[in-house]
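There are 2 protein chains.
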Amino acid sequence: MPYSAQDWRELATQLRADSIRCTSAAGSGHPTSSMSAADLMAVLLAGHLHYDWKDPHNLRNDRLIFSKGHAAPLLYAMYKAAGAISDEEMMTLRKIGSRIEGHPTPALPWVDVATGSLGQGLPAGIGMALSAKRLDKTDMRVWVLLGDSEMAEGSLYEAMQLGGFYGLDNVVAIIDMNRLGQRGPTMLEWQGEIYAERARAFGWHAIVVHGHDVQAVHQAYEEAEATKGKPTLIVAKTEKGSGVSFLANADGWHGKALPAADEAKAMAELGNPKCDLIIRTLPPTEKEPAALGQAGAYQPPKYEVGAKVATREAYGEAITALGTAKPNVVAIDGEVSNSTYADKFKKAHPERFFEVYIAEQQLVSAAVGMQAMGKIPFASTFAAFFTRAYDQIRMGAISRANIRLSGSHAGVSIGEDGPSQMALEDLAMVRAVHGSTVLYPSCATTTAHLVGQMATREGIVYMRTTREKTPVLYGPEESFPIGGSKVLRKSGKDTAAIIAAGITLHEALKAYDTLKAEGIDVRVIDLYSVKPIDAETLKAAAKECAGNLIVVEDHWPEGGLGDAVAEVFTDASGPHPNVKRMGVQGIPQSGKPGELMKAAGICADHIVAAVKAGKK
Amino acid sequence: MPYSAQDWRELATQLRADSIRCTSAAGSGHPTSSMSAADLMAVLLAGHLHYDWKDPHNLRNDRLIFSKGHAAPLLYAMYKAAGAISDEEMMTLRKIGSRIEGHPTPALPWVDVATGSLGQGLPAGIGMALSAKRLDKTDMRVWVLLGDSEMAEGSLYEAMQLGGFYGLDNVVAIIDMNRLGQRGPTMLEWQGEIYAERARAFGWHAIVVHGHDVQAVHQAYEEAEATKGKPTLIVAKTEKGSGVSFLANADGWHGKALPAADEAKAMAELGNPKCDLIIRTLPPTEKEPAALGQAGAYQPPKYEVGAKVATREAYGEAITALGTAKPNVVAIDGEVSNSTYADKFKKAHPERFFEVYIAEQQLVSAAVGMQAMGKIPFASTFAAFFTRAYDQIRMGAISRANIRLSGSHAGVSIGEDGPSQMALEDLAMVRAVHGSTVLYPSCATTTAHLVGQMATREGIVYMRTTREKTPVLYGPEESFPIGGSKVLRKSGKDTAAIIAAGITLHEALKAYDTLKAEGIDVRVIDLYSVKPIDAETLKAAAKECAGNLIVVEDHWPEGGLGDAVAEVFTDASGPHPNVKRMGVQGIPQSGKPGELMKAAGICADHIVAAVKAGKK
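These protein sequence lines are chains A and B, in that order. In terms of the working numbering, the first sequence is residues 1 to 616. In terms of the working numbering, the second sequence is residues 1 to 616.
Derived from the structure by calculation, the hints contain no laboratory data. Treat the hints with care, as some may be off.
[What the hints assert, rightly or not] Listed below are the simulated EDC-like cross-link pairs for lysine to aspartate or glutamate, each with C-alpha atoms no more than 16 Å apart in a straight line: (1) K612(A) to E477(B); (2) K287(A) to D521(A); (3) K133(A) to E458(A); (4) K615(A) to E518(A); (5) K95(B) to E351(A); (6) K95(A) to E595(B); (7) K615(A) to E595(B).
[Claimed, not checked] Partial list, derived from the structure: chain B residues whose beta carbon lies under 8 Å from chain A: (8) W110; (9) T324; (10) A325; (11) H434.
Backbone N, C-alpha and C fix where the C-beta goes; we use that ideal spot for every residue, glycine too.
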């Protein structure tokens, strides 16, 4: 060990001083929550963390995640001590235009996932560790700094559970048990043995340690590094504001920068350190990542026009084919793979399939973690249950994560299971995520082609699939660019355009036939790309279809297809079309799909009536 | 004990037979997941559950929650055995128009909360038990039937944690550990001691028992009933499909109704029971609920026009005053009460304030549980963190729950903390919930008046508040009906209407002054009620303001105010106004509120520019 206890203590003092300096300069931030973990992080940085700061994406690097993202000043102080950023840059904390933000984001290359919404760092770390252990087969380690307040989040127990289940001995989580939350004592205060017992019950090795005793911390890290077959939780008893007498274990200092006089007093207590120590961290771990094999061209599965295939099944077949073509594609599922058809992928590529059981928060976080390790994750569950992970999806966007989510069993058309299983707000939810892509195929061919594009699409990419079997509408030669649409029916004298996707597109086609038989011409548009949306085709339809657009969807009226179409005509000068939005009316019950669509007001008959009403 | 082991076994046989009968008649459903818990529920129904079936809302009744909602057939068989529903009604399972739905919903008066999204029954039960123990001070008990698959959900550990923390010895949770999930074995299969260890680590008493040994189950219930100071978890080892040889512990039978031939075979094995047993359950518990005191008139706090008050602070003052007027108002907060100002309520009404720590899923579920016990809960956290509980909010609507949520720290205007703390999708999220109400006050007076109306409003009622202090716009004599709006500026020659709420309304007023000085007249509308929306005022503005509506919001462009306004003009014949939607552009960083609003494109200058551009 090239560093001594004295070195660690000096480094810790600098980390404390820098945490104070940058927050005082910013006038806000979390110095005391940083100071409690300074000794823990000093020992980690100088002697345990394997990392090449010039090559942050190296798969042989350890990863360090501040799950307690508000301790960002400490993280930045570490980056400075490692020589990765300058003192000047560190001092731009929280200033507009600086990448030294209030909570860590991947604006900095050493930050793999954004944190700040508590309880999400460890779950993402579990995804990284799974990727390293099962796919790359490296010796890297994931270090996660947890706050004790965030231990109240259920997401952390999902992560503990999965880490224990998969025996991820490449994970070391450290609770900075400083006893004080935002508004007072935490639930368990300094009862560290309880955290340890919980971890053990989830299959972890657990160590309780004095978090300001650098030698003890060092030994705990060594014990963690030597532990095989299970992850380790280190519960470190610390004091918030540790190192400065008037801050240490004092209430009322959460999230407060020190005013100038207090800052000077604190610095004096710390011995007015020069803050110019630079630490040489250990090099990346040695074992080269396993070669994943050669990527080939994706061959989308082919379907015969008219055959009846559920889009959820086509999704399963498409990701399986994609997995064959691309060795870095992985599938993750929340214990419903026989419903989402992710089990097809599992059968073909068992080593790249990850079961996370019924833990949707962990499902999304695992995907976020895996993409940070260069994988292309597809995560699936019932569309309704992605609502369980909305915060993780939202934070995924802030993490600049490229993840693909597939939600099956959308809408009332799932039938008898009733409203708890029906996704009726998923389109609204994902549309409102920055930079997201929302896809909603109506047939197997479309699904297969879109899955291919999902693989290379950036950001949060969501596909909504349907439970029921529906007829294949297109031959394999068709193309379905994201941002496009398909005009399925068209004449020179259309009196309205019916815009739909998924199950309701098939209702629209039925309505077309009924209307046609009565001599009424309408356009039918397959809006398979909800975001981005094909504004051009919709604007043309508005012009050519007497300004009558009828949007019909198996979703609540708010936030879905109807609003997406309406948005095309905002921000633009008129004349504007009439946009009639037909969404689900009333809380659905159990019943047959057709009965429920009728009750919800979104079946072919309703579309026919809407077209006729619009003509008056 | 009036019932013998033989009685329990006979009842269990009937529950199994009825679970099979009604699912076979429906052609779908979960007979095997019902059968595994039949013995557990037989013993509970006959000898432990205190319940008046004619008076389900009696606060002296025990409560029974099927957290594993897919075992609904068993629940309905219990209702039948208790004489609450007829055999004929039970046999309408999953048929359109029947209240015997695929998963339990409060369409039935004995169902307090809808289940079916796993991991939500116990958290709601914790809310009920807290209400009974801390407020009503009755001796009722909350019984929760859990599935073993759902034990993977983090929300259940949030519930365990809170139940342990508050020492809720009136909670008995029973895991029906049948080893098999939807697509195969659960994570822990029959390792019941691990579930028990976890529960103990969260402060529970835990018992592992053979779930088909009625005498052992009875003793476990007695032990739970006798346990003081902590909740009890009973881990019952069971077999899925128990009671029928070809179903018992057999894979491949999840969620499948028995075809006729298999049904007959199963019935024969069960001894072709007559299925006509009626059980007399124990009467409600004796202790009368504590009187909560007399309700009075709500006196909204008063604010001086022009004073600078954050709406989050006005929220805290308003719920405090509401709590004074109405003794059944409770406040719940997720460890940020000094930021949401729920701590004012805590100070005034400590016995009605509930700290759930940083566990937002439990925060919402506690509110759902408390309203089921007749309380008026107000739950608060940062608006961004309600995304953590979207599934709970969605299910709350299916539960017909009346809950009030208040999200503070909305939008980029929170400043330096950065995007992880900024709610930018909350309006979209809650607008897309069925029957929801979405309020967004711009000043303290409005906040105070709206809080009063929230108390009696049905459904999911959400209020978005602002971190920054903003000037009070209205005097206390003004009224703010839900569904209304305020026209703050108006002339006979308005060239545009600026529609805003919250922080951006104040930008709109600044823009008004700038434009006025340049001789440009615009209307300014305070859209404090986002859902329902004041369509009349908006339509009048469209007509009177040259068809130029400019909507500006501190939210992503999708799903918020802009879409809400655009929706007013869908489904209606033209002419339609131009609706310009100004929402947040790009992922925000850290910075000062004003800097961030400028970067996001939603400040007064942008509004001025938009008005001028629209005039061209």
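Against the structure, the hints:
1. With a CA separation close to 48 Å, the supplied pair K612(A) and E477(B) exceeds the 16 Å bound.
2. With a C-alpha separation of about 66 Å, the suggested pairing of K287(A) with D521(A) is violated against the 16 Å cut-off.
3. Under the criterion of a C-alpha separation no larger than 16 Å, the hint pairing K133(A) with E458(A) is inconsistent with the structure, at around 25 Å.
4. The hinted pair formed by K615(A) and E518(A) meets the criterion: a straight-line CA distance of about 13 Å does not exceed 16 Å.
5. A distance of roughly 42 Å separates the Cα atoms of K95(B) and E351(A); the hinted pair therefore is violated under the 16 Å criterion.
6. Between K95(A) and E595(B), the direct Cα distance comes to roughly 10 Å. Compliance with the 16 Å bound is thereby established for this hinted pair.
7. Our distance criterion of 16 Å between C-alpha atoms is broken by K615(A) and E595(B), whose separation comes to about 49 Å.
8. Interface restraint check for W110(B): the shortest CB-CB distance to chain A comes to about 17 Å, outside 8 Å, so the restraint is violated.
9. A cut of 8 Å between beta carbons decides the hint on T324(B): the least distance to chain A is about 22 Å, and the hint is violated.
10. The beta carbon of A325(B) comes no nearer than 26 Å to any beta carbon in chain A, farther than 8 Å, and the hint placing it at the interface is violated.
11. Nearest Cβ of chain A to the Cβ of H434(B): about 6 Å, under the 8 Å cut. The hint holds.
In this structure, the hints that do not hold are numbers 1, 2, 3, 5, 7, 8, 9, 10, in rising order.
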